[in-house]
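Protein chains: 2
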Amino acid sequence: MIFRNGDNFEIDYQVTEKVYEGFIAIFNDRNPLHTDEQFAKEKNFVGRVMHGAILIGFLSNFIGEMLPIKNVIILSYTISFKRPVYLDDKLKLYATVADIFPSVNCADFKYEFKNCDNITISKGKISIRVI
Amino acid sequence: MIFRNGDNFEIDYQVTEKVYEGFIAIFNDRNPLHTDEQFAKEKNFVGRVMHGAILIGFLSNFIGEMLPIKNVIILSYTISFKRPVYLDDKLKLYATVADIFPSVNCADFKYEFKNCDNITISKGKISIRVI
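Chains A and B, in that order, give the protein sequences. Just so you know, we're using the working numbering here: the first sequence kicks off at 1 and counts up by one. Just so you know, we're using the working numbering here: the second sequence kicks off at 1 and counts up by one.
Hints listed in this document are in silico derivations from the structure and should not be mistaken for laboratory results. Source: prediction; values computed, not measured. Don't take each hint at face value.
Any copy will do: because identical chains look the same in the list, a pair fits if it lies in one copy or spans two.
Once the Cα atoms are required to be at most 25 Å apart in a straight line, the calculated DSS-like pairs of lysine-lysine come out as [stated by the list, open to error]:
1) Lys70 x Lys41
2) Lys41 x Lys110
3) Lys125 x Lys82
4) Lys90 x Lys110
5) Lys70 x Lys82
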């Protein structure tokens with residue numbers, strides 16, 4: 001098992017216009033909370049709320065591209081959304097190896113996304129297997 | 001609360017070339033399991049394994065666009081990947097209202113994605129709030 005309990009990673013992501021527009025083009029989620037500034041403000045948000053699923057795309061990038069090995073597969077994700085993400089928000093992903101299971105080549109990461117004010121906007125767990 | 005325990009939904013999705021290529025263009029996850037046919041076969045898969053995060057994009061579409069109301073926000077997702085999804089696979093999402101919490105305007109959906117052989121490939125829970 002290449003991972004050790006407590007191994008940690010920090011990666012920068014940003015919900016750019018390209019990410020936001022691209023996500024909508026692929027998945028066709030034009031819910032007014034995501035696309036209608038007026039609607040979002042009526043619901044007490046500062047502006048259009050970015051799709052939470054975009055953060056899972058960032059987690060896919062993290063596991064697929066940012067680990068020291070490529071031979072991994074994701075078993076599960078959990079994610080809770082604690083605060084809204086807006087267009088152009090810069091996020092920092094903090095992920096830590098929280099548990100390892102060498103007999104089955106598995107590991108659990110705990111993670112948080114924080115915004116530029118260092119506030120946690122989302123958190124959860126990723127379980128992976130080394131293949 | 002507009003939802004009732006046991007309300008259920010069935011939606012068809014497909015991991016088309018457009019979805020797969022679009023996802024990679026946005027999130028830049030080119031892990032060989034997703035992009036290298038030879039690598040995937042060496043790891044005992046039939047071919048390139050589609051990104052699990054794509055299924056979360058479908059769930060975003062489901063909650064944002066396919067419910068009888070638009071004024072919803074997602075609080076959390078869980079997803080477990082039980083079997084691989086390959087390019088062009090047609091999936092059916094089966095989602096059921098599993099619990100409602102009227103005092104806080106929240107509801108939990110349980111869901112499964114099944115492939116065209118009616119085999120469960122992925123399952124989990126979505127928590128939402130009516131806003």
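Verification of the supplied hints:
1. Lys70 x Lys41: between (42 Å within a copy, 15 Å between copies)
2. Lys41 x Lys110: neither (32 Å within a copy, 30 Å between copies)
3. Lys125 x Lys82: For Lys125 and Lys82, the Cα distance is within 25 Å both inside one copy (14 Å) and across copies (17 Å).
4. Lys90 x Lys110: within (20 Å within a copy, 32 Å between copies)
5. Lys70 x Lys82: Close across copies (20 Å), not inside one copy (30 Å); limit 25 Å.
The structure fails hint 2 only (numbered hints given earlier).
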